[in-house]
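When you get a sec, could you build the whole thing from the sequences and use the hints?
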Amino acid sequence: AQTVTQSQPEMSVQEAETVTLSCTYDTSESDYYLFWYKQPPSRQMILVIRQEAYKQQNATENRFSVNFQKAAKSFSLKISDSQLGDAAMYFCVLNTGGFKTIFGAGTRLFVKA
Amino acid sequence: DAGVTQSPTHLIKTRGQQVTLRCSPKSGHDTVSWYQQALGQGPQFIFQYYEEEERQRGNFPDRFSGHQYPNYSSELNVNALLLGDSALYLCASSLVVVRNTEAFFGQGTRLTVV
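Read top to bottom, the protein sequences are chains A and B. Read left to right, the first sequence gives residues 30 to 142 (this note's numbering). Read left to right, the second sequence gives residues 85 to 198 (this note's numbering).
Hints in this document: simulated from the structure, not taken from any laboratory. Be aware that one or more of the hints could be misleading.
Claimed, not checked - Simulated restraints, written as ranges between beta carbons of each label pair: (1) L123(B) <-> D55(A): 34 to 40 Å; (2) Q112(A) <-> L166(B): 39 to 45 Å; (3) V180(B) <-> T89(A): 25 to 31 Å.
Glycine is no exception: its CB is placed at the ideal position from the N, C-alpha and C atoms.
The structure is reproduced here in structure tokens:
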């Protein structure tokens, strides 16, 4: 079975500081994709960053970067220079190339001014 | 581009009733997935449609069924509603041929069963 675990139900960060959200996953597939999605109070799920498992280089998108440890099956998200607009639920997502996508339970991020 | 649109945005139904939720995918997308998101939880995969067929299904009972039309739009039907079916239902569209494709989500339909 494929699973995604986000062990931090809530996180808090001061504006302009850096925060890291944790995610571990389990799959027997060797080829898969990992994503971080953000869900603000508006409910619209938005892609933050994606990582192909075959790529060793960690993905980066502006202030967002990941630490992908394939052997440890870990995929954490680092948000640098946090902004008030970063406050949202963040979901770690696993896609093994089939039609099914597995979401973690989410981490709610609070950003303090 | 309107992106993924879902209707209605909110819905209140009584236990035992049936409901149909609708989704129009992003222009150019051919695959539609449905998710159930209970309050405070992550989305749970219900099923996915491609070429008008259900391709894969999550752990949901047969009360949950769907359909995809030739224009790629999709419906989610839930029969014999239970109180536990109250949730946000999300539709996501993507391109099946692109394996690491970004899924675009609609804003969801909030279903309340009373």
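Hints versus structure:
no.: 1; hint: L123(B) <-> D55(A): 34 to 40 Å; result: violated (26 Å)
no.: 2; hint: Q112(A) <-> L166(B): 39 to 45 Å; result: holds (41 Å)
no.: 3; hint: V180(B) <-> T89(A): 25 to 31 Å; result: holds (27 Å)
Checked against the numbered hints given earlier, the structure breaks only hint 1 and satisfies all the rest.
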